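Protein chains: 10
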Amino acid sequence: MPDASLLDAFPTPTDTPFEIEHVAQEFTSLCPKTGHPDFGEVRVRFCPTGPGEGGVCVELKSLKLYLQSFRDEGAFYEAVTNLIRDDLAALMRPRWLVVETRWRGRGGIRSVIRATSGDVPAI
Amino acid sequence: MPDASLLDAFPTPTDTPFEIEHVAQEFTSLCPKTGHPDFGEVRVRFCPTGPGEGGVCVELKSLKLYLQSFRDEGAFYEAVTNLIRDDLAALMRPRWLVVETRWRGRGGIRSVIRATSGDVPAI
Amino acid sequence: MPDASLLDAFPTPTDTPFEIEHVAQEFTSLCPKTGHPDFGEVRVRFCPTGPGEGGVCVELKSLKLYLQSFRDEGAFYEAVTNLIRDDLAALMRPRWLVVETRWRGRGGIRSVIRATSGDVPAI
Amino acid sequence: MPDASLLDAFPTPTDTPFEIEHVAQEFTSLCPKTGHPDFGEVRVRFCPTGPGEGGVCVELKSLKLYLQSFRDEGAFYEAVTNLIRDDLAALMRPRWLVVETRWRGRGGIRSVIRATSGDVPAI
Amino acid sequence: MPDASLLDAFPTPTDTPFEIEHVAQEFTSLCPKTGHPDFGEVRVRFCPTGPGEGGVCVELKSLKLYLQSFRDEGAFYEAVTNLIRDDLAALMRPRWLVVETRWRGRGGIRSVIRATSGDVPAI
Amino acid sequence: MPDASLLDAFPTPTDTPFEIEHVAQEFTSLCPKTGHPDFGEVRVRFCPTGPGEGGVCVELKSLKLYLQSFRDEGAFYEAVTNLIRDDLAALMRPRWLVVETRWRGRGGIRSVIRATSGDVPAI
Amino acid sequence: MPDASLLDAFPTPTDTPFEIEHVAQEFTSLCPKTGHPDFGEVRVRFCPTGPGEGGVCVELKSLKLYLQSFRDEGAFYEAVTNLIRDDLAALMRPRWLVVETRWRGRGGIRSVIRATSGDVPAI
Amino acid sequence: MPDASLLDAFPTPTDTPFEIEHVAQEFTSLCPKTGHPDFGEVRVRFCPTGPGEGGVCVELKSLKLYLQSFRDEGAFYEAVTNLIRDDLAALMRPRWLVVETRWRGRGGIRSVIRATSGDVPAI
Amino acid sequence: MPDASLLDAFPTPTDTPFEIEHVAQEFTSLCPKTGHPDFGEVRVRFCPTGPGEGGVCVELKSLKLYLQSFRDEGAFYEAVTNLIRDDLAALMRPRWLVVETRWRGRGGIRSVIRATSGDVPAI
Amino acid sequence: MPDASLLDAFPTPTDTPFEIEHVAQEFTSLCPKTGHPDFGEVRVRFCPTGPGEGGVCVELKSLKLYLQSFRDEGAFYEAVTNLIRDDLAALMRPRWLVVETRWRGRGGIRSVIRATSGDVPAI
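Protein chains in written order, with the numbering used here: chain D, 1017 to 1139; chain Z, 1017 to 1139; chain V, 1017 to 1139; chain C, 1017 to 1139; chain Y, 1017 to 1139; chain W, 1017 to 1139; chain L, 1017 to 1139; chain X, 1017 to 1139; chain U, 1017 to 1139; chain H, 1017 to 1139.
So here's chain D without its partners, still in its complex pose (with noise of 0.2 Å):
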């Protein structure tokens, strides 16, 4: 089950804002409704808080096995999404923080989620 204790994050090496994005392209969880599994691609974007202020970034290779954690995970795309971006922000407290969800689709229907933490400058 999604386990947030797997997120290991590492001192912002700068105190100048920058941009960090990660897309990964194979995640899987349940559905909540039929147990059949779902496939799809976690887009993590944000700006780290600079070590000043103690800020951290995700480490990638526990960001792979947080995001691992959710295979056997019967959950909702809305409530996945929500909960990457709060476990998310919860380790980090960026500047600010978006996770979009995009899903292959279950019967016919492919669907897009979009998250955000603070205020996300237009691209």
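It is worth saying that the hints were derived from the structure and are not from the lab.
Some clues are possibly wrong.
[Stated by the list, open to error] Okay, the calculated beta carbon distance ranges per label pair: (1) H/V1136 - L/R1126: 16 to 22 Å; (2) H/E1094 - W/D1088: 54 to 60 Å; (3) W/V1136 - L/A1138: 58 to 64 Å; (4) Z/R1120 - X/P1137: 40 to 46 Å; (5) Z/G1070 - D/R1059: 28 to 34 Å; (6) C/D1024 - D/T1050: 40 to 46 Å; (7) Z/H1052 - L/R1126: 41 to 47 Å; (8) X/F1026 - L/R1126: 53 to 59 Å; (9) W/G1124 - V/R1109: 53 to 59 Å; (10) Y/P1033 - X/H1052: 48 to 54 Å; (11) C/R1059 - W/P1033: 45 to 51 Å; (12) W/P1033 - V/A1025: 57 to 63 Å; (13) H/R1109 - L/R1126: 20 to 26 Å.
Being a predicted model, the structure only gives us computed values, none of them experimental.
Here a beta-carbon is modelled for each residue, glycine too, at the ideal position from N, C-alpha and C.
Position chains Z, V, C, Y, W, L, X, U and H against the provided structure of chain D, taking the given hints into account.
Using the frame of chain D, we list chains Z, V, C, Y, W, L, X, U and H on its own:
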């Protein structure tokens, strides 16, 4: 015939506004004049009301069944689009909602219909 | 010859403004100077007036027959475009309307003509 | 339900062999196990028998109505494909015939079924 | 109505075999069942007989006028294709000839018809 | 040589402003220094003055003949572009006009020249 | 763990040979060395034995469930591919069968494995 | 070596501002450190000063010869780009000018350099 | 290990601001947690300070050697990106500078990191 | 330096011949003349010997580590390719084996090297 009672919902998982898009690529109904089948795609994009205000999100499987209930319905494109908008707005009372239908064409003419509810932000 | 009486309409299904686009990819008329056939595409996009103000939407099959009525008409591109705009505006009195014709070309020149009615929003 | 009596034909216009391909991109039937709709494309390619031997070609509108008659039929992809092949072969007794169905997918699996009659030449 | 007397020819300029392809992208005729217009593309490819045997090539403007003469003709795709093949074969007595028509579609079905005369080489 | 007297016009069919674009993909003139042919594309886009002010639109066949009159003219790209702009502006006195020429290249250099008249709106 | 008993079949609908291809784009199993998930695509193509010889075709939903049963299995790509081939060959005893797995990659290496049964014709 | 005296000009044909773009896709010079050839593309875009102020436009063939004069020159990308900008600005005194060089790469690094003169409008 | 002393510079050739972009598509370093190699692309875009203020530009071959000096370095993506930004900013004191690294992915996750110095204009 | 002892294998899972392809997109070694890094892709395709003859397949993680062992090796493209072929052939004694290396290029030249063992079938 279209049956809004097929629609099911679950509580929005967070009060923080976020965005959801569902794209159903396999939609069919009947032409009210000729009885011949129409084929199209239905795109639904919305921002749910938060749980603090009793907000809910449409459940995906119920959305599939609801859209399938148009299979034997004879209705104009314009009516189909507005009905889906109305049924989803009534179910969810979302912050905003867009329903767009894209039809493969009849008599050499293809059509796109777009109906909204609330203040839809520019993308 | 172009026959606006072929156009049929049905009451707009809602007072909430929404958008409709019809694209007819198989349009043909005659060149008024040489009598040779012209081929093109007609795009109609509009926002209908609501039923509370007696608003109507053009019916799709009648639009097809209306466009077919140009088959033996000798007319300049510019006149065709403005006539379609005028006939549809007279029929529907829409909030706004755009008619765009795209011609495959004659003598190595291809053309696009765009006529509007009312305040067309930027896309 | 599938109704071969909807199929109509006209005499092949020439004894010289020639080739015909019809591609119906809007086909739908029902899954015999779940009752849910399936969507796909039907491709029919054949060489008609000549009029000297009583040869006929399937008429296009009747083919459309015949394919529409599968709309409420619950049938496996394999059965649908072979039935269309059998009905068309019985109607036309063509020199050769290929029926290929391409299904959009169910449960994350998309399928292609290909059935033939007579000696189909390599393309 | 189709009028082969519109076709004009000029002597083949050489006895060495060579290939000619004409592609007319703006072809229209009428459906013999509904009277509605059909739109398509006509591709003609042939190897003319040499001048030593009285060979001729179809003149391009006359081909255009000939194809335009189908504008008000109600005919099946198959008949149109074979008629063009027959008229061109009668006019030119070419070494070989292929006529292929590609139709934009009617009732969601698009079609390709291919008729030949003589021994057409594989490409 | 370029001959503006070839240009013909017809009265603008309506006082409502509308837009016209003609794209001539087959333009050729001669290099004034080497005498070699240049090949390019001429794009003309304008909004005609209304008939209430004596407004006219350039007739398409006359535009073709006018553009063909540059065939034996030795002129710089820049001069060609401005001359077409001047001749069309003098003929039509349009609300606004853009002439853009795109040249296939000479000596490994391809060029685009753009001249305007009046207040051209951003697209 | 992989469970061939999940596979279900139905009698081949005809004795005439025909071809079936199923493509499952959402396949996942576990790496037997690291326990990390692998993601890939499974393509199955076969010609079923006819009903006269007791031939059957794999049922699509059962194929989906069977492929899902690899979700928690730690197995090499090569073993997965051959096992699917063996299980389907045992179930159907087809005229011929190809199983191809395409893996998204692990450690920067992506792989394709192809196993067959019987005489697979060149495509 | 680069030779600005190769550049030739002709009077701007009009006082109305217009835009010119020349793209030379075949440019080569030498690396000043290794002596190896560099390959790239030179894009020049400008608005010439009008003839009323003695304005001129660079002549195309002279531009080609001028660019060819860099063939045996060892110069940094940055110096090449600014020199072309300076030479063209000195020759033409244009309203504005942009010179952009795009280099195919050296040591696995490709580069783009962009130098301007005057107030370049946003495209 | 990363060695800023490898970086070499030459005086900016002009005081007029201009833009330089270098894209190094072959970058590799080591993962600080696993020791496995990472592969990516480094994009550097900047506006150099003019020679009047002692401004310099990074020399391309020295940039290549500097980037190669990361080959045996174990460092997080974020640290690599900020270090390159810092080293180049210290070397050149540019008007503005952007360093973007794009990583091919590790554990199914690909990443993009973007660090800046000074006021980077929108493109 | 390249270390074949890093290669590990497991018994081929079946005696039926089948095909395996591994594509490693992130390969780097050093140029033996300049010491500069080379970047490329390594494709390995083979048919393993069956377990009845003691046949084995290369294990994927060990292949990754083996390919990484070239990171500090100075070797010509040709030598790298043949060495990988030799090491894999010695490890597996496969029915046949192809090793293809595709190099991103050095000095503007990109290269492909292909070495085989045994009778490789045409694709």
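Structure-based check of all given hints:
| no. | hint | verdict |
| --- | --- | --- |
| 1 | H/V1136 - L/R1126: 16 to 22 Å | 21 Å, holds |
| 2 | H/E1094 - W/D1088: 54 to 60 Å | 58 Å, holds |
| 3 | W/V1136 - L/A1138: 58 to 64 Å | 59 Å, holds |
| 4 | Z/R1120 - X/P1137: 40 to 46 Å | 42 Å, holds |
| 5 | Z/G1070 - D/R1059: 28 to 34 Å | 30 Å, holds |
| 6 | C/D1024 - D/T1050: 40 to 46 Å | 44 Å, holds |
| 7 | Z/H1052 - L/R1126: 41 to 47 Å | 46 Å, holds |
| 8 | X/F1026 - L/R1126: 53 to 59 Å | 58 Å, holds |
| 9 | W/G1124 - V/R1109: 53 to 59 Å | 57 Å, holds |
| 10 | Y/P1033 - X/H1052: 48 to 54 Å | 51 Å, holds |
| 11 | C/R1059 - W/P1033: 45 to 51 Å | 48 Å, holds |
| 12 | W/P1033 - V/A1025: 57 to 63 Å | 27 Å, violated |
| 13 | H/R1109 - L/R1126: 20 to 26 Å | 25 Å, holds |
The structure fails hint 12 only (numbered hints given earlier).
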